[in-house]
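Hints are included, so try docking the two chains, each in its own frame, into the full complex.
Single-letter residue listing:
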Amino acid sequence: MLREEYDLLVVGGGPGGSTAALVGAREGLKVLLVDKRQEIGTPVRCAEALGFEQLEPYIAVDDRWIAAWIDAFRIVGPSGKSVRVPPTSPTAVVERKIFDRELANEAARAGATVRAMTRVTDVIRQDGYVVGAKMISLGREMEVRAKITIAADGAESQIGRWAGMKTTPRLEEYYSAAQYLLGGIRLEDPRECQYHVGNEVAPGGYAWVFPKGPDKANVGLVITLTHEKHGRSAQEYLNAFVERLYPEASILTMNLGGIPVGGTLKDIVGDGIMLVGDAAHQAEPVTGGGINLAMFAGDMAAKVAATAIRSGDWSRKKLEAYPAAWNKEHGRAVGAMAKARQIVLKFEDKRYDKLVDLAADLPLDKMSATDIILAVLRHDPSLLLYARGFIIPGI
Amino acid sequence: MTNPSRSHILIMVNRDRCGICGCCVPVCPPDAMVLHDAHLDIDHDTCTECLKCIPVCPTNALYQVPADSVLLRRT
Chain B
13 MLREEYDLLV
23 VGGGPGGSTA
33 ALVGAREGLK
43 VLLVDKRQEI
53 GTPVRCAEAL
63 GFEQLEPYIA
73 VDDRWIAAWI
83 DAFRIVGPSG
93 KSVRVPPTSP
103 TAVVERKIFD
113 RELANEAARA
123 GATVRAMTRV
133 TDVIRQDGYV
143 VGAKMISLGR
153 EMEVRAKITI
163 AADGAESQIG
173 RWAGMKTTPR
183 LEEYYSAAQY
193 LLGGIRLEDP
203 RECQYHVGNE
213 VAPGGYAWVF
223 PKGPDKANVG
233 LVITLTHEKH
243 GRSAQEYLNA
253 FVERLYPEAS
263 ILTMNLGGIP
273 VGGTLKDIVG
283 DGIMLVGDAA
293 HQAEPVTGGG
303 INLAMFAGDM
313 AAKVAATAIR
323 SGDWSRKKLE
333 AYPAAWNKEH
343 GRAVGAMAKA
353 RQIVLKFEDK
363 RYDKLVDLAA
373 DLPLDKMSAT
383 DIILAVLRHD
393 PSLLLYARGF
403 IIPGI
Chain F
63 MTNPSRSHIL
73 IMVNRDRCGI
83 CGCCVPVCPP
93 DAMVLHDAHL
103 DIDHDTCTEC
113 LKCIPVCPTN
123 ALYQVPADSV
133 LLRRT
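Chains B and F, in that order, are what the protein sequence lines are. Quick note: to get our numbering, add 12 to the position in the first sequence (first position is 1). Quick note: to get our numbering, add 62 to the position in the second sequence (first position is 1).
Same shape as in the complex, but just chain F (with noise of 0.2 Å):
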């Protein structure tokens, strides 16, 4: 579920690519990048889609898609 006030995009990653390297985690401004052992998380609800994340990534692996186009479960 996303926050239908606000997101037309969401960011999205690509887990076959990243490398969980954290280089994400401290450009992001409300900290949204969430950096587990073994896998990245967005947390959508914090994401304020400013894409700053995007170029950083050193693998491409961060990409956006419409918002629309997404179906979330709140886990």
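Just chain B, with the same shape it has in the complex (with noise of 0.2 Å):
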């Protein structure tokens, strides 16, 4: 058996793990990156939206990696009503594929040593601490110690499970995904990000039209399976969508997964070990969107390893730093934005429609968020019902 000594191991070649293990080389640290897949990056399970704020810090804009740069969000409402709205920072859909093997190579640049093709059987445990992993790499057993483990191993983290960690997501608070890449459509707007909206369409989600050129789109949807009556799966909604809006479309991939929903987990740490990404439930609540976030985070989990490695000391007491962090950067919002998703989720129809309407007569680019709320509020009082247990919590 191969034995391997490192300062972090990484486990999960995704856009955390991957900034987790540049940010710990830049660091200073001796880093391992190791994805269970033959080829980081592939499968891709994602819509491929990508906001460009803040992501110069860890790999370049390149053309290999962008599809599509996007101008404006249109929302479309059960009646087929729509509104556009435009994008408050500059972003584009992405190759997954070529992005995420960039990023993870950003890793190895900064002196990360990156493995595919591994696959961890289980934690190593000793007093407590997770000191490590078991692991089956490129076909050989292999025994990693490592001072702190990050697992960014996705929605179905084994990781945190295996470490002993609460994190099984409610139902409710999970979302079940399908999607198309479509070949061979006339898009109207290729530069154009969709969102449609409706119990219909996507009860307790929502669907999406994401170009990736101007023949070519991520096509795809979300439900919430206890806002579903019918017994339908997510890709038998898929293809009734499909078949409305794009009846003569080639598939030319299909994708599927699940995404938690709920707001971050309570407890994202433990001794030597943090969890990062989907893992930690650290998507935004309402989309279902995580790349920026899981980057964010790992950045911070790599961070906080770095300084507790340099202390000596990486209890789960000194680690609570990053939660602390996530917390204050991102975690309250995705926190409300779970509670938003909770009360847009009872929608019915007709107040999507309603919504739609009045957003439509709106100078929405001139205005602030809050604005929008006022606007949204004056119209409709009723809406304060719904939004009672948002605002003042515990209702």
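Calculated directly from the structure, the hints in this document are not laboratory data. This structure is a prediction, so every number in the text was calculated from the model and none was measured. Note that the Cβ used here is the ideal one computed from N, Cα and C, for glycine as well. Possibly wrong hints are sitting among the right ones.
Label pairs and their calculated CB-CB ranges [claimed, not checked]: (1) B:E51 <-> F:D93: 25 to 33 Å; (2) F:D103 <-> B:R198: 37 to 45 Å; (3) B:G324 <-> F:P92: 34 to 42 Å; (4) F:D130 <-> B:E200: 19 to 27 Å; (5) B:K351 <-> F:H98: 33 to 41 Å; (6) F:P92 <-> B:L150: 27 to 35 Å.
Within a straight-line C-alpha distance of at most 27 Å, the following computed DSS-like cross-link-like pairs (lysine-lysine) qualify [said to hold, decoys possible]: (7) B:K366 <-> F:K114; (8) F:K114 <-> B:K351; (9) B:K278 <-> B:K378; (10) B:K278 <-> F:K114; (11) B:K48 <-> F:K114; (12) B:K330 <-> B:K340.
Below, the structure written as structure tokens:
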């Protein structure tokens, strides 16, 4: 059996894991990044829209992984009426296959060791600490000892469970997702991302059309199971959506997956271990988008790991600096969105249409988020009833 | 072989439909979903038949059958 020793073991080569490995290596740690897949970046389980704000510390924008730049988002209500919303930061639909691989290479360039096709089979525990993991790397058994382990192993995270952390999402806080990459279609505006809402389209969720060029798009949807009354799967809703919008389309790729959207887990650190990204339920709860947030979390976790290792103490207490930083920067907003999601999910189709109608008349590009919320409430004060539990916690 | 003291039903996976996406893995309370590179296995000794996994599956690949209708080989 192979035995290796590192300061930091990162499990999972998605954006969160690669950023953690990159930042850890820059901090001077000896880092190993492992991914169970044969090819980092595949299979893609993502609609691939990415905001470019705060991306530059990690990776330079590269045309090889830009599929389409986006000028606007369009929200389409159940009646078909829609409203166009400008993006708040530069946004593109990317090729995750290439983006993820390049980000892992950035980690390698910074000094981390990267190993694909390396599946963790168990964590090694000693005196309550996670002290590394057993794995099968390129067909050989390997035992890795590490001072700190960062689990960035996605929604189906096993590492957190094996380390004794409570990671099971509740069904009402979980999106079931299906997506096709459609080809041979004609997009009206290949620089516009569309979101379709409505209980027939995607109960407890939404459908999207994200262009990847003039005649290709990621078309998918998420549903919440507790809002689905007909026993239909995400794929059945998707088939109906595609049949209605693009009956002539070819299916180039199918992607499936689940997204925990209940807001960040209560415990994301333990002695010698930290969870990052979907493994920590850090995705934005309404949209389910998680690339940027996972990268921020990876950065924070790696910096806390470096400080802890330099101080000679990587107990849970020391690592609590990571959730503290996360909650300050993003965790509270993510928690608020988790509550907002519960409100939005209760909307009837009529209300979605009313909101789309109202928003269509507002100069959205000249308004702040607060202005928009106030304008909406002036128009439809009954929304306050939905918002009670959101504004006054505990009700 | 199933646990006779408990099981009346078994959760099965239709491998022609399953996309091996792992969507069912985190929602399974006892961690009975075992995701391999090319297929999903269900550990029937661990499964508590809570049925949470069935609606979560994006392709309807999971279904239940009466336990006495299936002969399972212990591997």
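How the hints compare with the structure:
In this structure the hint that B:E51 and F:D93 lie 25 to 33 Å apart at CB holds, the actual value being about 26 Å. The hint said 37 to 45 Å for the Cβ distance between F:D103 and B:R198, and at roughly 43 Å that hint holds. Restraint check, B:G324 to F:P92: a C-beta distance of roughly 38 Å satisfies the suggested window 34 to 42 Å. Range check, F:D130 to B:E200: Cβ separation about 56 Å, and the 19 to 27 Å hint is violated.
Checked against the hint of 33 to 41 Å, the pair B:K351 and F:H98 passes, with Cβ atoms roughly 37 Å apart. Range check, F:P92 to B:L150: about 31 Å between beta-carbon atoms, so the 27 to 35 Å window is met. A hinted pair counts as satisfied when its Cα atoms are at most 27 Å apart, and B:K366 with F:K114 does not qualify at roughly 35 Å. Proposed proximity of F:K114 and B:K351 is supported: the alpha carbons are some 23 Å apart, at most 27 Å.
The hinted pair formed by B:K278 and B:K378 fails the criterion: a straight-line CA distance of about 37 Å is larger than 27 Å. For the proposed pair B:K278 and F:K114, the alpha carbon gap of about 22 Å is at most 27 Å, so the pair holds. Straight-line distance between C-alpha atoms of B:K48 and F:K114 comes to about 26 Å, which keeps the hinted pair within the 27 Å bound. A C-alpha spacing of about 17 Å is found between B:K330 and B:K340, which places the hinted pair at or below 27 Å, so the restraint holds.
Of the numbered hints listed earlier, those contradicted by the structure are 4, 7, 9.
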